[in-house]
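There are 2 protein chains.
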Amino acid sequence: MKFYYHLLSQPSRALYIFLKLNNIPAEFITINFPNGDHLTDEFKEINRFQKVPCIVDDDGWKLSESIAILRYLMSKYKSIPDHFYPSDIRARAAVDEYLEWQHINTRFSCGVYFQLRKKIDGLDTLWLRGKKFLCSDEISFADIIAACEIEQARMTGDDLFENRPKLKEWYERVKETTNPYYDEAHVIVNKIVTKNQKPKL
Amino acid sequence: MKFYYHLLSQPSRALYIFLKLNNIPAEFITINFPNGDHLTDEFKEINRFQKVPCIVDDDGWKLSESIAILRYLMSKYKSIPDHFYPSDIRARAAVDEYLEWQHINTRFSCGVYFQLRKKIDGLDTLWLRGKKFLCSDEISFADIIAACEIEQARMTGDDLFENRPKLKEWYERVKETTNPYYDEAHVIVNKIVTKNQKPKL
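These protein sequence lines map, in sequence, to chains A and B.
Count along the first sequence from 1, then add 4; that gives the number in our numbering.
Count along the second sequence from 1, then add 4; that gives the number in our numbering.
What the hints contain is simulated information worked out from the structure, not anything from laboratory work.
Model, not experiment: these values are computed from the prediction.
Treat each hint with caution, since some may be false.
Remember, identical chains collapse to one label, so a pair may be satisfied in a single copy or spanning two.
In the DSBU-like style, the derived pairs of lysine-lysine whose C-alpha atoms are separated by at most 35 Å in a straight line are [stated by the list, open to error]:
| id | residue 1 | residue 2 |
| --- | --- | --- |
| 1 | Lys66 | Lys24 |
| 2 | Lys199 | Lys80 |
| 3 | Lys199 | Lys66 |
| 4 | Lys82 | Lys199 |
| 5 | Lys48 | Lys135 |
| 6 | Lys199 | Lys170 |
| 7 | Lys82 | Lys136 |
| 8 | Lys48 | Lys136 |
| 9 | Lys170 | Lys66 |
| 10 | Lys48 | Lys172 |
| 11 | Lys170 | Lys135 |
| 12 | Lys48 | Lys195 |
| 13 | Lys170 | Lys82 |
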């Protein structure tokens, strides 16, 4: 399988971590989208939507959309621990609910920053209630997707964890569970975060 | 199962059609959100996100997010025809790809009208290529969700089908396959469309 990605793309990072963590055999191919490499005719043949991440399976079958890819991989590789996307229908529905919510919450609001604040507050107050991770006491793909989005927001230089101790604890837990791949996937992001960090008074 | 919905909510309509079409036993309960009925403390107990659609299963278990609900129902009711959300992993991935795309496409763009135009063009040129429905020659939940969104746009009074014959044919096909429930679900929408229709010159 070929995996096309870029570490500045949040869903790319989520899949990157997921693939490495679960030893899924894949050829990792960077598409330099800040340089416009996703806009070539060549890449259009790989993904008609001209976005990363996307995959091409060994027989040439193509798929885009990070969460559609996650579901496909869960069905294909039975060796992946079940908790990433549970097979129990209600546990799975709880993960599905988050995976939909994270989109829908951006849907009716405009302005990226406002969206992120709203979502971060939702994570803190609506999802992280009495559980170690977003949907249960075990990590699922919902946590990986959410943490990678939080990183996107951290690039603004704001301290998102101020007054949100529960969010901070969860974030550390996700990192701990997915490292060293989490840090590996965020090497570019972390450089930008360090550069933009506002000095503490 | 209790199904909370309102016919002005596009994902509510999609589930309404799906439930009726497949004879899924449910108590249909309207939540008059234009009147603010979703903002009561009572409804917050039913859905912490205070949105429709949502369900409460017979034992009190709750779920929101239309597409998470669709997936849950597909797992629960084995009598539902497979093509609505296929069990074959690649056919399913193709439907998943659409169900993600319809969110993601609204993600990085602001302005509802612009979003809808972009999405409608995407339906026409990227999805409806050489197939009767969006993901295969059979109807899936992707088609129902997409048609219900098109209806939302029709309320502006614009003729969305002008110069898009393929889209028009697909739309008629979805209606035909899902009626009488399609028209039943769109009874409020159709009144608004008629009222707002721009006279042809």
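Status of the hints after comparison with the structure:
1. Lys66 with Lys24: For Lys66 and Lys24, the Cα distance is within 35 Å both inside one copy (20 Å) and across copies (34 Å).
2. Lys199 with Lys80: Neither: 40 Å inside a chain and 50 Å across chains, both beyond 35 Å.
3. Lys199 with Lys66: Cα proximity of Lys199 and Lys66: none, with 37 Å in one copy and 44 Å across.
4. Lys82 with Lys199: Neither way: Lys82 and Lys199 sit 41 Å apart in one copy and 54 Å across, limit 35 Å.
5. Lys48 with Lys135: Cα proximity of Lys48 and Lys135: across copies only (20 Å, versus 42 Å in one copy).
6. Lys199 with Lys170: Answer is within; shortest intra-copy Cα gap is 26 Å, inter-copy 50 Å.
7. Lys82 with Lys136: both (25 Å within a copy, 33 Å between copies)
8. Lys48 with Lys136: between (41 Å within a copy, 23 Å between copies)
9. Lys170 with Lys66: Classified as between: cross-chain Cα gap 24 Å, same-chain 39 Å, threshold 35 Å.
10. Lys48 with Lys172: between (39 Å within a copy, 26 Å between copies)
11. Lys170 with Lys135: within (10 Å within a copy, 48 Å between copies)
12. Lys48 with Lys195: within (30 Å within a copy, 42 Å between copies)
13. Lys170 with Lys82: Intra 33 Å, inter 40 Å, cutoff 35 Å: intra-copy only.
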